[in-house]
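Protein chains: 2
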Amino acid sequence: MPVYAAPVKDLQFVLHNLLEVSQSEVPGYHELDAGFTGAVFEEAGKVATDLLTPLNAVGDHEGCVLENGVVRTPTGFKAAFKAMQEGGWTSLDCDPDYGGQGLPYLMGAAVSEIFSSANMAFNMYQGLTHGAYSAIHAHGTEAQKATYLPKMVSCDWTGTMNLTEPQCGTDLGLMRTKAEPQADGSYAITGTKIFISAGEHDLAENIIHLVLARAPGGAPGIRGVSLFIVPKFLVNPDGSLGARNKVTAGKVEHKMGIHGSATCVMNYDGATGFLLGDLHKGMRAMFTMMNEARLGVGLQGYAVAEAAFQNAVAYARERLQGRAVTGDANPAGPADPLIVHPDIRRSLMDQKSFVEGARAFTLWGAHLIDRSRRQGDAAAEAMISLLTPVIKGFQTDKGFEMAVAAQQVWGGHGYIEANGMSQFVRDARIAMIYEGANGVQALDLVGRKLALDGGKPVMAFFAMMKAFIKDNDGDPRLKADFLLPLKKASKDVQAAAMHFLGTAAKDPNAALSGSTDFLHMMGHACLGLMWARMAKAAYAALDAGGDTAFLEAKIATGRYYMSRHLPATALHLARIETGAAAVMALPAAAF
Amino acid sequence: MPVYAAPVKDLQFVLHNLLEVSQSEVPGYHELDAGFTGAVFEEAGKVATDLLTPLNAVGDHEGCVLENGVVRTPTGFKAAFKAMQEGGWTSLDCDPDYGGQGLPYLMGAAVSEIFSSANMAFNMYQGLTHGAYSAIHAHGTEAQKATYLPKMVSCDWTGTMNLTEPQCGTDLGLMRTKAEPQADGSYAITGTKIFISAGEHDLAENIIHLVLARAPGGAPGIRGVSLFIVPKFLVNPDGSLGARNKVTAGKVEHKMGIHGSATCVMNYDGATGFLLGDLHKGMRAMFTMMNEARLGVGLQGYAVAEAAFQNAVAYARERLQGRAVTGDANPAGPADPLIVHPDIRRSLMDQKSFVEGARAFTLWGAHLIDRSRRQGDAAAEAMISLLTPVIKGFQTDKGFEMAVAAQQVWGGHGYIEANGMSQFVRDARIAMIYEGANGVQALDLVGRKLALDGGKPVMAFFAMMKAFIKDNDGDPRLKADFLLPLKKASKDVQAAAMHFLGTAAKDPNAALSGSTDFLHMMGHACLGLMWARMAKAAYAALDAGGDTAFLEAKIATGRYYMSRHLPATALHLARIETGAAAVMALPAAAF
Chain G
1 MPVYAAPVKD LQFVLHNLLE VSQSEVPGYH ELDAGFTGAV FEEAGKVATD LLTPLNAVGD
61 HEGCVLENGV VRTPTGFKAA FKAMQEGGWT SLDCDPDYGG QGLPYLMGAA VSEIFSSANM
121 AFNMYQGLTH GAYSAIHAHG TEAQKATYLP KMVSCDWTGT MNLTEPQCGT DLGLMRTKAE
181 PQADGSYAIT GTKIFISAGE HDLAENIIHL VLARAPGGAP GIRGVSLFIV PKFLVNPDGS
241 LGARNKVTAG KVEHKMGIHG SATCVMNYDG ATGFLLGDLH KGMRAMFTMM NEARLGVGLQ
301 GYAVAEAAFQ NAVAYARERL QGRAVTGDAN PAGPADPLIV HPDIRRSLMD QKSFVEGARA
361 FTLWGAHLID RSRRQGDAAA EAMISLLTPV IKGFQTDKGF EMAVAAQQVW GGHGYIEANG
421 MSQFVRDARI AMIYEGANGV QALDLVGRKL ALDGGKPVMA FFAMMKAFIK DNDGDPRLKA
481 DFLLPLKKAS KDVQAAAMHF LGTAAKDPNA ALSGSTDFLH MMGHACLGLM WARMAKAAYA
541 ALDAGGDTAF LEAKIATGRY YMSRHLPATA LHLARIETGA AAVMALPAAA F
Chain Z
1 MPVYAAPVKD LQFVLHNLLE VSQSEVPGYH ELDAGFTGAV FEEAGKVATD LLTPLNAVGD
61 HEGCVLENGV VRTPTGFKAA FKAMQEGGWT SLDCDPDYGG QGLPYLMGAA VSEIFSSANM
121 AFNMYQGLTH GAYSAIHAHG TEAQKATYLP KMVSCDWTGT MNLTEPQCGT DLGLMRTKAE
181 PQADGSYAIT GTKIFISAGE HDLAENIIHL VLARAPGGAP GIRGVSLFIV PKFLVNPDGS
241 LGARNKVTAG KVEHKMGIHG SATCVMNYDG ATGFLLGDLH KGMRAMFTMM NEARLGVGLQ
301 GYAVAEAAFQ NAVAYARERL QGRAVTGDAN PAGPADPLIV HPDIRRSLMD QKSFVEGARA
361 FTLWGAHLID RSRRQGDAAA EAMISLLTPV IKGFQTDKGF EMAVAAQQVW GGHGYIEANG
421 MSQFVRDARI AMIYEGANGV QALDLVGRKL ALDGGKPVMA FFAMMKAFIK DNDGDPRLKA
481 DFLLPLKKAS KDVQAAAMHF LGTAAKDPNA ALSGSTDFLH MMGHACLGLM WARMAKAAYA
541 ALDAGGDTAF LEAKIATGRY YMSRHLPATA LHLARIETGA AAVMALPAAA F
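Going line by line, the protein sequences match chains G and Z. Numbering (full-length UniProt numbering) for the first sequence: 1 to 591. Numbering (full-length UniProt numbering) for the second sequence: 1 to 591.
Worth double-checking, as some hints may not be accurate.
Pairs count within a copy or across copies, as identical chains cannot be separated in the list.
Here are the simulated lysine-lysine pairs, DSBU-like style, with alpha carbons at most 35 Å apart [unchecked claim]: (1) Lys9 - Lys487; (2) Lys488 - Lys466; (3) Lys82 - Lys145; (4) Lys78 - Lys251; (5) Lys178 - Lys251; (6) Lys506 - Lys479; (7) Lys488 - Lys506; (8) Lys488 - Lys246; (9) Lys491 - Lys479; (10) Lys506 - Lys487; (11) Lys491 - Lys466; (12) Lys506 - Lys78; (13) Lys145 - Lys491.
No wet-lab data here; the hints were simulated from the structure. None of the values given here were measured: they were computed from a predicted structure.
The shape of chain G in the complex, shown without the other chains (with noise of 0.2 Å):
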């Protein structure tokens, strides 16, 4: 059975080393003090180690039943659900006007963190909930947000997405559920929806669903289509729940994994609608969210990742099996431990320089997300856009394989699934399809951030680099290890931006024919500023007299990162320079 206890210091670390949160002049960020912020990560790790860590198997054994229009959520799912609501934990980052206690988003993320790592599954419902909420909360009428905002600040009633149909994904274009106008006001809500996670269940009093759909007189394609809230329960005008609305779950999917988060085909058959913000605008409206969600999405990536990684490091400890190459570490013993070995160790060192690292971009994303909403800051707003389809993208095909590195850390016990290893790995899968397939992350970075204001936010993003390695320049404890690979990495996005640009008029598949490769060199880069910023924070906590331990063992971290990880821009910058002719060299037949 895996163990997951929430990573507390790493946590602090990046809120306080190196974001430096309570002396940020962004509204609500003074009451974090290092004191508060540890006694939530305490806290959320308690519930998360001993309420939703051991629910993670059983959510995986028994997955969601749907059974005369019911969907039971595995054993336990209700009682934790029960105990998240009443602990508080589903509204921190909310409007207090809503009942929420209106921390910043950043201590929303950095929890969520801690749940998705514990029971990624079991922490969708109250995940998607949110987005739901902040969709009502920027695009809602005052009746509505009054509505349905408390219920969903408590996670009483529980919320969902409602994009796919079987014939669109990624191109919404295609959509054809409709919404027809009805008297009262209301629209008619006909068509099928699917991948609906959290459609239908039983943790909630009520869902809210917020589904895509065409009202009369929109524009063919994706211009045309708006924004409906559908609640399964019609809600009365005293707030009680009334008549049944017309939507069913007709199906929850048997899936690789997340068995334990129901994931529904919805029917709408003339279910009574209500629009959301502004008719034929209902791109728009989803769009507010989608930075949000998608981080949500590349936190996963790392979450997951963290929790394959930490029973990965259990067994490598306890497993005993050869001799190290240096001579017996364990001499008393049969064999030594599997953390001797070079190569066990190289894997731990590959997924933990990942996790931290991602975690430090993820945090830092969440923090440009505040500084958006609670200072209005422009800026930042445009560089978490830039930035969003990298977190997304990068984090989750990374985090993906770092789980299935700590699986083979198990060897042949990595493969029975009793062992829990196997799970990280087919939970951590979805996270690369489901928001946005990590193609389409590449296609928006590529295709539209990169040109995003004439390219004020990639030459942002560059000049940040270049400040801080001139900034750090005279500090001999950072540049040969740090600096350097770092100037190195960034030069090779530079180069590829470049060339993008050279190609793009001449031959449109040049720059989607590397999108995926700069994804990925955008990552390495992001997550190597971050490790030289992380350095750079450890050694003056160091100076400060810090826990040299833990301090050290950052340091040597990032070492690694920089060392081993980051050189692979010139790889991706490489494959990005061959441009578009050996990708479409073949007709389609000849596949």
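Assemble chain Z onto chain G, guided by the hints.
What follows is chain Z alone, placed relative to chain G:
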């Protein structure tokens, strides 16, 4: 439901254009004209498509069930196994003295690719039997061979290999299973073996277990173990089945994949065993089969990737989503097929160029085994010994990665179990683990094979690369696209080998810290060499008026590999050159 069609053209290209088998002086190869091999592949392809492919999902879904000591294989497996026996598919490359057809091992391997693609789990019953057949054939007495081999060639009896125990996986020196000599010359075997593929099932009349155990008087550790034949049913002098032996399946494991393959815990409780080969020389007997068994697993790596790739292509052609950036490709339809998109194309080219390169590498490896066995060619034996960990480790790592890539093409639909893409990923995963986890392959390569015979095999490998490059230097069609990249990769691999030599004495951890990187750079170099040779062969065939579309696609696919994948050797070299410092920096407690 996934589809599969045997890649007969590609197999024929490897045999006849690349390896030119019918012109080879290897005994038995003269039979292998294109008409004959093509007919075998076509026939195997029919069996694979019609019989084995439909059973793949059944096996995954039902798994194997242990009830009252009997293991029930999935519905249809029994009839299919019977059909395979009757079709002569179990005996292709077995010794005619025992009822085999006497074909070269190369043919057995090529056909095994087809069956592994169609149904990896099912094909393991025959595959394991072949391994046990080979061990008895190489080390058995005449009486043992006469008793067991004819029934194993026909697969009336199947075979197993029993190495692993709960406390010992890679480190077989920790083995506890005991063999006590009996008055009649047999041994009483007692102990528990785990992860025994095909340990118990209902496909055959008898199961011949080969079991490693400790007999009295053996040295401690790995050097003191012996190998025993332990039949499920003892065999009477007249060949009929006698008493049930004291060996039982205690459990069938619930695994991530290959559910159709019964992975058993086997309990030996004073079971009657017969020494196979010399006392205390059990490992030597095992090692003689190792190259073949590991090549077989490396073959599974690309075979499953091939099946996944075929289904990714089918989906990419059929699924309409988005529009080509260069203008509508399917103006009459609501959208263009996925295959127009450069990032989808990149993924398909990744898959195609890996699978075709790996096929060539593996079948060349099988050819080396034939040269060793049938001609006593010591240089071929040394070369395949060097390359075996590369075939196993590199190809199963990449094969898994490519199965994941194929699944990704399917988007959300790839995550739904009923579509079958998940099964390819889950099945492919085991190949990275069993028959020596890939970290152990890397250790074998760097710690043992590089130094073999004073480094002669690796020097021969480098010389072969050099000779090919030099011999073809005058061919402008090969030079820039194939020879120069190959030269660069070859230099990188040599630099890494030199680095190991330089640091090995000073720091034993250094080479091992780079072992997985070295395994991968060797893999790329080998596939690069294969692609360069295939390009040469394809140009020659084009000049001779061969199938233009097929041959040009072959060359274009090779160009893709050379330009986009081979350059990975530089990254691996950069990592290797960082040595052990970063890898081993942390004390074990700091993880």
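Hints, verified against the model:
1. Lys9 - Lys487: Close inside one copy (29 Å), not across copies (48 Å); limit 35 Å.
2. Lys488 - Lys466: Both: 11 Å inside a copy, 32 Å across copies.
3. Lys82 - Lys145: within (23 Å within a copy, 67 Å between copies)
4. Lys78 - Lys251: both (20 Å within a copy, 33 Å between copies)
5. Lys178 - Lys251: Within one copy, since 21 Å is at most 35 Å while 53 Å is not.
6. Lys506 - Lys479: between (40 Å within a copy, 27 Å between copies)
7. Lys488 - Lys506: Both, since 28 Å and 30 Å are each at most 35 Å.
8. Lys488 - Lys246: neither (58 Å within a copy, 65 Å between copies)
9. Lys491 - Lys479: both (16 Å within a copy, 30 Å between copies)
10. Lys506 - Lys487: Classified as both; 30 Å inside a copy, 31 Å across copies.
11. Lys491 - Lys466: Cα proximity of Lys491 and Lys466: in one copy and across copies (10 Å, 34 Å).
12. Lys506 - Lys78: neither (57 Å within a copy, 59 Å between copies)
13. Lys145 - Lys491: neither (48 Å within a copy, 66 Å between copies)
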